[in-house]
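Undergrad: Protein chains in written order, with the working numbering: chain A, 81 to 255; chain B, 847 to 1160.
Treat the hints with care, as some may be off.
Stated by the list, open to error - Which residues of chain B face chain A? A partial, calculated answer using Cβ under 7 Å:
hint, residue
1, I880
2, V892
3, K971
4, S972
Unchecked claim - With a straight-line Cα cutoff of 27 Å, these simulated DSSO-like cross-link-like pairs (lysine-lysine) come out:
hint, chain 1, residue 1, chain 2, residue 2
5, B, K931, B, K1138
6, B, K899, B, K931
7, A, K188, B, K870
8, B, K931, B, K1104
9, B, K1138, B, K1061
10, A, K109, B, K931
To be clear, the hints were calculated from the coordinates, so they are not data collected in a lab.
All residues carry an ideal CB built from backbone N, CA and C; glycine is no exception.
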Amino acid sequence: MASQKQAARPGKPAAGQGGGLAGYLATHKFELSTLLFSLAGLGVSIYMVIEHYTQNAYAGCPQNATFNCAKVTTSPESVILGIPVAVLGLAFYLFMTGINSPWGWRSKLPAVHWARLASIVVGIVFVLYLVYAELFLINAICVYCTSVHIITFILFALIVVQATLYGVAPKRDAA
Amino acid sequence: MGKAERNRLQNAREKIAAQQAAAKRAETRRRALIAGGSVLAVLVIVVVLVIVKTSGGGSAGKSSSGSTAATASANTPVATSVSQKIASVPAATLDKVGAGVAYPAAGGIYPNAIQTVKSPPAILKSNGKAQVVYVGADYCPYCAAERWALTVALSRFGTFSNLSLIHSSSTDVYPNTPTLSFYKSSYTSKYVVFNTTEAQTVTHATLQPLTALDKTLMATYDAPPYVPSGYNGSFPFVDFGNQYVIDGASYNPQTLAKLTWQQVAADLSNPNSTVAKAIDGTANHITAAICKITGGQPGNVCTSPGVTAAAGSI
């Protein structure tokens, strides 16, 4: 009788480590990383939306010829098609947090995994536009915006590397 | 099946397995290249943007008055060393200078430099923020003096960008007074909107046409009784929310004679210098006027000793 070998899938729980969410996260460090970075981006986005609609006084943001959070976030470039960029960022990170959750990664729908890849590509293109706008149109850098840009870049790197090395819709363990 | 046949089959299987392994390795390399290349491409784009910016390319200054210019002045972008000193005059220096010294002492401030509007209307606002309107010209030596104080004062409420360095006319009184120009600059603030019009270049060519608002305000507040008869429409003109006005320089432009921009900027922080007494003292008066129209915001600026001292004279 041919022996039954375990499939060489990334992140398959080792025997005896236990199931459930905690077990999944312990053995799926890549997916955990994307979730953590998504949550970090979500946290900063929430703060920026609050400040956009209230004081625009970003705590700890220097105010000089180079760095000026208020100048960036109150500029004409901070609104696109009538929607504040801060709100767009919040919507993006709400989506990324959901789709990078264990339930998102374990989804059997290929559309979910393709949506993850497509949205992060759109996100990084938008980040490149925002960097251009800060440097050439607004002539100021927003520290909080830059932190979100860095988080988006890290997520882009993680998701693109995972998609190209293991496929966009990899087979996962049964839920 | 004979032994030879078995060996041939075994070799074939091994060859196929080797070919499959090589193909798999090539595929993995290709995917790694795509992944690495994508990430690297994004990094390269950002680095290129930063390099282009820091090497001085592509700066898009915005004119805060929104109007187009027939000819551009030959302005030098303000050096960071100068703009930083203007934007960061120590609060202790401003407090020590206080209301400044009265004219005709060296560095003295002219009496009634800031005039209170008689029977003022509602505070002039734009998008819910109090509005300050400046009209001047690059050639104008009195504007040259006043712009330093305006910039120091307004830097306490917001941020300037794309200021440029010029000298006033070489053929006018107080020739070649070092100063800034508001032409193509922009200003952002949570508290106040600052509209500027530099009407003429250093050589009196038309630069920015007066806006409808400029004309309306000047017709009322750059006319008697705020200026002597016959001095209607004089520069500089500054309107603080229709509550206070400046018609002319607040101190003698001679204070800045033969100084470089860097020297003026450096002296701003020395409360014992003639430059600081004139510019910072005027800035405190201007700040007090702006505080009146912003409802005392920001609190730390508007309740500072220097501004409180200057507020008594407006």
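Undergrad: The structure should be examined with respect to each hint, and the outcome stated for every one.
TA: The hints, checked one at a time:
1. Annotation: interface hint on I880(B) holds; nearest CB of chain A at approximately 5 Å, less than 7 Å.
2. For V892(B), the interface hint holds, the least distance from its beta-carbon to any beta-carbon of chain A being 6 Å, beneath 7 Å.
3. A cut of 7 Å between beta carbons decides the hint on K971(B): the least distance to chain A is about 16 Å, and the hint is violated.
4. Annotation: interface hint on S972(B) violated; nearest CB of chain A at approximately 13 Å, more than 7 Å.
5. As the CA atoms of K931(B) and K1138(B) are separated by approximately 26 Å, the hinted pair is consistent with the 27 Å bound.
6. Between K899(B) and K931(B) the alpha-carbon distance is near 22 Å, which keeps this suggested pair within the 27 Å criterion.
7. Restraint check for K188(A) and K870(B): the C-alpha separation of about 25 Å stays at or below 27 Å, so the hint holds.
8. For the proposed pair K931(B) and K1104(B), the alpha carbon gap of about 19 Å is at most 27 Å, so the pair holds.
9. As the CA atoms of K1138(B) and K1061(B) are separated by approximately 24 Å, the hinted pair is consistent with the 27 Å bound.
10. With a C-alpha separation of about 49 Å, the suggested pairing of K109(A) with K931(B) is violated against the 27 Å cut-off.
Hints 3, 4, 10 from the earlier list are contradicted by this structure; the remaining hints agree with it.
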